[in-house]
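K.L.:
Please arrange chain V on chain C, whose structure you already have, making use of the hints.
Chain order of the listed sequences is C and V. When the letters of the first sequence are read in order and numbered with full-length UniProt numbering, they come out as residues 1 to 546. When the letters of the second sequence are read in order and numbered with full-length UniProt numbering, they come out as residues 1 to 546.
Quick caveat, the hints were computed from the structure, so don't treat them as lab data.
Given that identical chains are not distinguished, each listed pair holds provided it fits within a single copy or across any two copies.
Below, a list of computed lysine-lysine pairs in the DSSO-like style, where the Cα atoms sit at most 27 Å apart:
id	residue 1	residue 2
1	54	64
2	67	478
3	54	150
4	64	478
5	504	478
6	249	320
7	335	150
8	93	249
Number of protein chains: 2
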Amino acid sequence: MKIVIIGGVAGGASAAARARRLGEDAEIVVLEKGGYPSFANCGLPYYVGGEIEKRDSLLVAPIKMLKERHRLDVRVRSEATQIDRAAKEVTVKNLETGGQYVEAYDKLIIATGASPFRPPIPGINSERIVALRDLNDADRMRELATSAAKRAVIVGAGFIGIEVAENLARRGLHVTLVELADQILPPWDREMVLPLEKHVREEGIELRLGSSATKFDSDEKGLHITLSDGEVVEADFGVVCIGVRPDSKLAADAGIECGARGGILTSNHMQTNDPDIYAVGDVVETVCAVTGDPIQIPLAGPANRQGRIAADHIFGRDSKYRGTQGTAVVGVFGKTAAMTGLSEKVLRAKKTDYLKVFLHPTDHAGYYPGAQQMLMKLLFAPDTGRILGAQAVGTSGIDKRIDVIAMAIQAEMTVFDLEEAELCYAPQYGHAKDPVNMAGFIASGVLRGDQPIVQADALTNAEDLFLLDVRTEGEFAKGHIPGATNIPVEQLRERLAEVPKDRKIAAYCQVGQRGYLATRILLQHDFDAANISGGYRLWAIENGKL
Amino acid sequence: MKIVIIGGVAGGASAAARARRLGEDAEIVVLEKGGYPSFANCGLPYYVGGEIEKRDSLLVAPIKMLKERHRLDVRVRSEATQIDRAAKEVTVKNLETGGQYVEAYDKLIIATGASPFRPPIPGINSERIVALRDLNDADRMRELATSAAKRAVIVGAGFIGIEVAENLARRGLHVTLVELADQILPPWDREMVLPLEKHVREEGIELRLGSSATKFDSDEKGLHITLSDGEVVEADFGVVCIGVRPDSKLAADAGIECGARGGILTSNHMQTNDPDIYAVGDVVETVCAVTGDPIQIPLAGPANRQGRIAADHIFGRDSKYRGTQGTAVVGVFGKTAAMTGLSEKVLRAKKTDYLKVFLHPTDHAGYYPGAQQMLMKLLFAPDTGRILGAQAVGTSGIDKRIDVIAMAIQAEMTVFDLEEAELCYAPQYGHAKDPVNMAGFIASGVLRGDQPIVQADALTNAEDLFLLDVRTEGEFAKGHIPGATNIPVEQLRERLAEVPKDRKIAAYCQVGQRGYLATRILLQHDFDAANISGGYRLWAIENGKL
Chain C
1 MKIVIIGGVA GGASAAARAR RLGEDAEIVV LEKGGYPSFA NCGLPYYVGG EIEKRDSLLV
61 APIKMLKERH RLDVRVRSEA TQIDRAAKEV TVKNLETGGQ YVEAYDKLII ATGASPFRPP
121 IPGINSERIV ALRDLNDADR MRELATSAAK RAVIVGAGFI GIEVAENLAR RGLHVTLVEL
181 ADQILPPWDR EMVLPLEKHV REEGIELRLG SSATKFDSDE KGLHITLSDG EVVEADFGVV
241 CIGVRPDSKL AADAGIECGA RGGILTSNHM QTNDPDIYAV GDVVETVCAV TGDPIQIPLA
301 GPANRQGRIA ADHIFGRDSK YRGTQGTAVV GVFGKTAAMT GLSEKVLRAK KTDYLKVFLH
361 PTDHAGYYPG AQQMLMKLLF APDTGRILGA QAVGTSGIDK RIDVIAMAIQ AEMTVFDLEE
421 AELCYAPQYG HAKDPVNMAG FIASGVLRGD QPIVQADALT NAEDLFLLDV RTEGEFAKGH
481 IPGATNIPVE QLRERLAEVP KDRKIAAYCQ VGQRGYLATR ILLQHDFDAA NISGGYRLWA
541 IENGKL
Chain V
1 MKIVIIGGVA GGASAAARAR RLGEDAEIVV LEKGGYPSFA NCGLPYYVGG EIEKRDSLLV
61 APIKMLKERH RLDVRVRSEA TQIDRAAKEV TVKNLETGGQ YVEAYDKLII ATGASPFRPP
121 IPGINSERIV ALRDLNDADR MRELATSAAK RAVIVGAGFI GIEVAENLAR RGLHVTLVEL
181 ADQILPPWDR EMVLPLEKHV REEGIELRLG SSATKFDSDE KGLHITLSDG EVVEADFGVV
241 CIGVRPDSKL AADAGIECGA RGGILTSNHM QTNDPDIYAV GDVVETVCAV TGDPIQIPLA
301 GPANRQGRIA ADHIFGRDSK YRGTQGTAVV GVFGKTAAMT GLSEKVLRAK KTDYLKVFLH
361 PTDHAGYYPG AQQMLMKLLF APDTGRILGA QAVGTSGIDK RIDVIAMAIQ AEMTVFDLEE
421 AELCYAPQYG HAKDPVNMAG FIASGVLRGD QPIVQADALT NAEDLFLLDV RTEGEFAKGH
481 IPGATNIPVE QLRERLAEVP KDRKIAAYCQ VGQRGYLATR ILLQHDFDAA NISGGYRLWA
541 IENGKL
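Bound conformation, chain C alone (with noise of 0.2 Å):
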């Protein structure tokens, strides 16, 4: 048996592994166009900001150790330019030399993974500018990150885009953070960055949203990037981050089939279209695993577990991908983004039936000190309770909660499932009603009847609604939503007589719960009542008053 692995990270590399345990005879070639296999990718901004000191501890599976270890043929510097289907071989040129050759092949793995997009903006191809994808790119961000230069700017403020921006600003450069879309980190919801976004101006970037480049010009002096709005900002050097595009070019030249979006087509034995060639990584398109709808997302843990299954389909074994779930999480200046599942936007596009529901909990037990505060979202089937999508932002803890609602997806639960969930308490840990408890309860309440809810990106035009604020009048002072009526809850049964009959009434707090009981209250009494899902809070993030 002899395989073949175009392309030596993370997907390429675990498939090449697995192949060897599986198969001590088998030969395994594995052609790395570039200068390292088995790098840390999602490391490089790190390296670039120094946070990671050493350039070798990016290199996690030294080439040394891939050919005395699991004897694998490494071959860096060497790309393959052609596939020969019917012959079964491979033409591969070596970079170093300029010289080409052919090998052959009884089994082929394609993990030639995704590239930085350069759309075709009038001077992108200037000296000036860099896209980040392997230690090469990394290593020239940080000389001129190192050089004289003062102010960078980002195009593009997804993951790399955020991570880019934290780490040159760790640098001590001005970062300018320019993005299309009306918000950092698209994936997400608006609402859930919208804290971020707030912290990141604070630790001096400069936020361009709703904002392209539409021209850049390179001279000595530095590069003059022209906005979308027609203003010049000026810096030393620009940085392309907005998205990847699969590495597809060769299978599709050699009639492998690809997707819509560009990615590789395989079935979920990883197998493409000829039953001896196979496909792993960013350079496939996928399933998401909640609805089936083919995806593309380049993330590092579903190309290894192709990588994976597509060495085990080799070896007779019936291994299947389940399908990606787009879990995720950026860290940016101290704060922490996580996802997974469907988000609002995309289950709005596909014109799926949702209920969304907000909560403000902290990290840890209020009573244990350095709680912290977080948003969290969860969406989910209004027939059956199941669980779509979750998202989370703040300090401490995020991670944590969307990995335990990531197993829950993966698991088919229900919001039901997440008030029944037991997980760690102490009090520097968690809740003995943990935030995903809370998150099930409050779904689980509207799926009941017991806890209408309003949503607060809904109020605006809805002047039919009776807004109550339940808060103190304290918290009414200090900031409420225009046109709300302030009744404390702990007066609202003796004050029953202010609330109209005739209207709905949207009852309001800081986070939810007063206006859960206020809701609880109002609807015993006959009340049309609901609650605004994430109170005050989130109103408030979402007008920017917070």
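P.N.:
Relative to the frame of chain C, chain V by itself:
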């Protein structure tokens, strides 16, 4: 509807708040024997130690709030002394005035909790000995600790004993911790807490394992504790933390059925044998969510959920308690131990078939600064792969992994599902292959026959085994399992002739990964090989070498 709730902490308080939300018109009386309803009992050790500075912060739901917001008729220092089921009345003693009265109920919820056990040891009722159940106890302990006291003895090294030990040490006291078992934290398996015992000792705690107090002598000089080995330990005061017993006497006297462990028996609606009487929290015997066996575990999360469920059922809802998983976490001097599901010792006592694997992953990617190694154990069913339990000990990311596995246990997932878990990954948060995935890979490999394993604790007297250390010569020289032969995995393929064909090979490396590869190599060359789960590191922990 008139509901009387006996006990206003955790389960009782949850039941009261839920009952109010469901029944705005209900009369709800909460009888609390102590001075404070709804106080944070899990915070008491940290108030003793000063980490929680203000006593008031432990009063999570002050009486004023319960009265004004929830309209609960909360009566503190009010002890229910008798239940007359026929008349549906409770006799209440006012502990302030000594007066007695009778309170009628339609529905009664017993949430009397559990009391620290005080075994009949001579002298145990000394003024110099305290337990830790409520705020008064905490006040008393603070007084004792802030006096001229220099030495304390704690009897019992369970959750509370360990937390109190840390907190008294934080106050500058020399602490001796006496525990009857041969380990601290008896709910965990012994090998899992060995690293913690080392850590606790390094922090200055004197551990006396396998030891008990047989006599307490008090005089003006202090407390003289005679241990089971005859030694007398001197201290200024003592703390007794040898577990709790359900406060079920009131219920039992009224003919409410109790189980063998002393806890009140209930249906999954938390209903006792009297349909008008419910019981929740530490006073009830519940069932294990994994096995269905009766268990008595005092935990705050379950108590809170049970309170909700009892109130739900009173108001005609079909809510059901699913049983207790035993998810628990404890912190001590910056380290964390967490567990969920069954321990090996419980499985062994039940004579249930199980398999176990060990691993030592880091909390986040090794290439990102600050990664900390943990010890993790996964227990699962040999036939189906169903997850039975998990434990982890380390510095960071411990509660997260156990919470994820707790969710998997709740969903009755298998180790094969853990392989596919899609969890948050960025280098500062986790791994592309998270510890949860790794646990799944290893356990699944065992079940699929890819990775036969040998347990480190089974090596004694296993002289038929050929111990093969596949680490580097340098690692081998620093310490190895006695009798092992060293062939680095990188050289194994060339040196197979040195490995006997007629004996079973137990390969090992530092943590298990190279040992796994070596096992794969050997198996494919027709050796009878297995990997020592957890590697040299676990063996070293178990044998006091680390």
